[in-house]
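So the protein sequences, as listed, match chains A and B. In terms of our numbering, the first sequence has 103 at position 103, counting the first letter as 1, and numbering is strictly consecutive. In terms of our numbering, the second sequence has 4 at position 4, counting the first letter as 1, and numbering is strictly consecutive.
Please note that the accuracy of each hint is not assured.
20 Å max Cα-Cα, derived EDC-like pairs, lysine to aspartate or glutamate [stated by the list, open to error]:
| id | chain 1 | residue 1 | chain 2 | residue 2 |
| --- | --- | --- | --- | --- |
| 1 | B | Lys388 | A | Glu135 |
| 2 | B | Lys23 | A | Glu125 |
| 3 | B | Lys242 | A | Asp76 |
Which residues of chain A face chain B? A partial, calculated answer using Cβ under 10 Å [unchecked claim]:
| id | residue |
| --- | --- |
| 4 | Ala37 |
| 5 | Asp87 |
| 6 | Gln124 |
| 7 | Lys126 |
| 8 | Ser129 |
Derived from the structure by calculation, the hints contain no laboratory data. Glycine included, every Cβ here is placed at the ideal spot set by N, Cα and C.
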Amino acid sequence: MDTEAAINKLTGKFIDEIAEVTLQKGRRAIVTIRHTALLSLSEYLFKSEGFRFIIASAMHTRRGFEIYYHFSLDADGIILSLHVILDREKPHIESLSNMFSASNWIEREMHELFGIDFLHHPNQEKLLSEGNWAEGVYPYRKEFK
Amino acid sequence: MSRKTLIPIGPYHPLQEEPELFKLYCDGEIVRDIKWETGYNHRGIEKLSESKSYDQVFFLVERICGICSTSHPFAFANAVEEIVGVEITDRSKYIRSVIGELERIHSHLLWVGLAGHFLGYNTVFMWAWKYREPILDLFEMITGNRNSYAMFKVGGVRRDIEKSKIPAIRKEMGVIRKKLDLLTGAVMDDPVIHARTKGVGILTRQDVIDYAAVGPTARASGVDIDVRRDDPYAAYPLVNWKVITAEAGDVFAKAEVRLLEMYESASIIEQCLDALEKLEEGNIALKINEIPAGIGTGRAEAPRGEVFHFVVSDGSNSPARHKIRAPSYTNIATFKKSCIGQTIADATISLAAVDPCYCCTERMAAAYDNSSGEKILNANELIEISMKRTNEIRKSEAGHE
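Could you put the whole structure together from the sequences, leaning on the hints where they help?
What follows is the structure, given as structure tokens:
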């Protein structure tokens, strides 16, 4: 399967949830989705299409908090990144950790560094600085003027 | 009500070459639960990267891992070259693969040695580390450094492998094959090693998929993934080699995969050297004047598995965001599956079987108050926190059975 075929399958199934698709060089694509649809899209990729969760990258930008969930289809060398934009004030999104354990640590890390809440996370404790860091201070947040 | 005994391994423990705290909750000899505490190695690499120029980031990410120091620059170069949209010259592709595979050999030898040490089989430790030494000498010859080679840059490599250096590398590949035969024979046929590693620390195929484990940890459980083949980069699509897998998922299978992978690495290196001899010297780096705005994802197969770098460029001189996922980040988490139900003695080798690299797993930030510019935590406060923490650990451990 090439990247376009993978994207077509995804858009065919979730047309209402997808805001934008950016095909990149190589076999990469970024799919911007409504953040409420993350669970159903991830479930489809992971369970039906056999994608592997690589990692998630959070960013603090002027638009709010953005997360890229990177999925890899190893047989075809494709990386699909599901991109969500979260609320500026109270960023929150459903946790994927009840579907696969691979996202457990990275969600805890993003919670700790960016202050993003992962709803229904089995154990949203700090990962890196348990007891060693001020509460409510998120080192990866930026200040925009 | 069953009471469990807490056995801490770490944060500083002779068994581990890096600081990390594993808490084994045991019922007699059997490990019933395991927790870990991390954060002893935070250096703020992802955040620091945002304040460095692209050229400087190479030196920064090279210092994420002290063992496989070239795997992070490899993935970062792939990511940035994707943003720029260049394909590097064939010569630099071959040089990159030679460095990557030499590193795989020395890293796997290091692991085999340590695994022997954890099992109380120090002869294997002495042998493996002795055989590893000439590989480090090769690095010193090629790059000037035994480790942290500073070979990679955007658009190519910094140093050539001249024709005059090739015979020495070739000769060593012949020598290392013989040593590997000896080592592999000794490890694979030893009844004591069989008894200590077969059926120990099993990760099933489903565990690997659930935890998204990568590298030899995944391949030893029959999950056939390898970025070098699946998402080809550098010279890997230009040479012949095969991905080694095993089915059992235990510590022995992981050792088997690593031992056999070293033969493949030697073969890749020899084929790259053949190609380098035919290509003209020089022409090892393209001139890249600027990095445009864009998003790049770079992967490389490190000795421990897939390294993933995600770089967002806003067109300035440094990355706007640089996310790094080292293989140990997903591999270490599998201890929840591999260690529970084992005896304490087997839990240690099961932990070691993923070849954990803690400093790869942690990349914390130094925080400054935006309004005053002051550090939120200064050195004295850190010392205070550290002493407080030591006292807390002492108290809580004393309270346990």
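Violations among the numbered hints: Of the numbered hints, 4, 5, 6 do not hold.
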